[in-house]
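For reference, the chains in residue letters:
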Amino acid sequence: KQEVTQIPAALSVPEGENLVLNCSFTDSAIYNLQWFRQDPGKGLTSLLLIQSSQREQTSGRLNASLDKSSGRSTLYIAASQPGDSATYLCAVTVTGGGNKLTFGTGTQLKVEL
Amino acid sequence: GAVVSQHPSRVICKSGTSVKIECRSLDFQATTMFWYRQFPKQSLMLMATSNEGSKATYEQGVEKDKFLINHASLTLSTLTVTSAHPEDSSFYICSARHGRETQYFGPGTRLLVL
Numbered sequence: 315k316q317e318v319t320q321i322p323a324a325l326s327v328p329e330g331e332n333l334v335l336n337c338s339f340t341d342s343a344i345y346n347l348q349w350f351r352q353d354p355g356k357g358l359t360s361l362l363l364i365q366s367s368q369r370e371q372t373s374g375r376l377n378a379s380l381d382k383s384s385g386r387s388t389l390y391i392a393a394s395q396p397g398d399s400a401t402y403l404c405a406v407t408v409t410g411g412g413n414k415l416t417f418g419t420g421t422q423l424k425v426e427l
Numbered sequence: 014g015a016v017v018s019q020h021p022s023r024v025i026c027k028s029g030t031s032v033k034i035e036c037r038s039l040d041f042q043a044t045t046m047f048w049y050r051q052f053p054k055q056s057l058m059l060m061a062t063s064n065e066g067s068k069a070t071y072e073q074g075v076e077k078d079k080f081l082i083n084h085a086s087l088t089l090s091t092l093t094v095t096s097a098h099p100e101d102s103s104f105y106i107c108s109a110r111h112g113r114e115t116q117y118f119g120p121g122t123r124l125l126v127l
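Protein chains in written order, with the working numbering: chain A, 315 to 427; chain B, 14 to 127.
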């Protein structure tokens, strides 16, 4: 059974700092990996999707990497802003699993002024 | 990007009543819809997968008679929580997908059972 873990569970940083969020998964047979953002009491916003054949994806200040063999992904946020404060979730789609997403436990990020 | 809506966004009901939550894909046809449940400060747990016109597939531990799912059209799926109890209070999120493309998530429905 695929298990997805995110470290740290919570993170507080001053504005402007670069930061890295970590995601690990136990089964490397994945179709893709996604990073989502969730604001309190809201749904999910997809940030980046990395196919299993890719190593990284970039969007603006966000960069996500994928090392499928070691079961790890990182989300790098450059020059953090208070508006980045949210919970970040990673999720993997397992091959042959009906394309279902398995979510990580999330990292709650707070960027302070 | 594609838009998925949910209605209602928040519902409070008495114990023993049934509650229906709607999930709609507004600008695309969703061949598959997913229903998730999220407890405070926890991640999303998949409850069931539904394909248009067929019965939903429930995840292990999810009572199909408790959580009735209907995917009657390519743009609408409903989740009915039957005889709701306080332990059913949670945040319910749906997502929709066309073919094997990306899942698009709804804004969620907060259910509080008194």
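Honestly, the hints are just simulated from the structure, not real lab data. Heads up, the beta-carbon is just placed ideally off N, CA and C, and yes, glycines get one too. Mixed in with the good hints there might be a few duds.
[To be verified] Okay, derived cross-link-like pairs now, DSBU-like style, lysine-lysine, Cα gap no bigger than 30 Å in a straight line:
id	chain 1	residue 1	chain 2	residue 2
1	A	Lys414	A	Lys315
2	B	Lys54	B	Lys79
3	B	Lys79	A	Lys414
4	A	Lys424	B	Lys79
5	A	Lys424	B	Lys77
6	A	Lys382	A	Lys315
7	B	Lys33	A	Lys424
8	A	Lys315	B	Lys79
9	B	Lys68	A	Lys382
10	B	Lys79	A	Lys356
11	B	Lys27	B	Lys54
12	A	Lys382	A	Lys414
13	B	Lys79	B	Lys27
14	B	Lys68	A	Lys315
15	A	Lys356	A	Lys424
16	B	Lys27	B	Lys68
17	B	Lys77	B	Lys33
18	A	Lys424	A	Lys382
19	B	Lys79	A	Lys382
20	B	Lys54	A	Lys414
21	A	Lys315	B	Lys77
22	A	Lys382	B	Lys27
23	B	Lys54	B	Lys77
24	B	Lys79	B	Lys68
25	A	Lys315	A	Lys356
26	A	Lys382	B	Lys33
27	B	Lys33	B	Lys79
28	A	Lys356	A	Lys414
29	B	Lys33	B	Lys68
30	B	Lys27	B	Lys77
31	A	Lys414	B	Lys68
32	B	Lys54	B	Lys33
33	A	Lys315	B	Lys27
34	A	Lys382	B	Lys77
35	A	Lys424	B	Lys27
[To be verified] Derived DEER-like restraints, expressed as beta-carbon distance ranges:
id	chain 1	residue 1	chain 2	residue 2	range
36	B	Pro21	A	Glu317	40 to 46 Å
37	A	Lys424	B	Gln55	31 to 37 Å
38	B	Ser18	A	Pro354	15 to 21 Å
39	B	Thr70	A	Glu317	28 to 34 Å
40	A	Ser383	B	Ile25	46 to 52 Å
Check your understanding: Which hint numbers does the structure go against, in order from smallest to largest?
Key -> 4, 5, 7, 9, 19, 22, 26, 33, 34, 35, 36, 37 and 39
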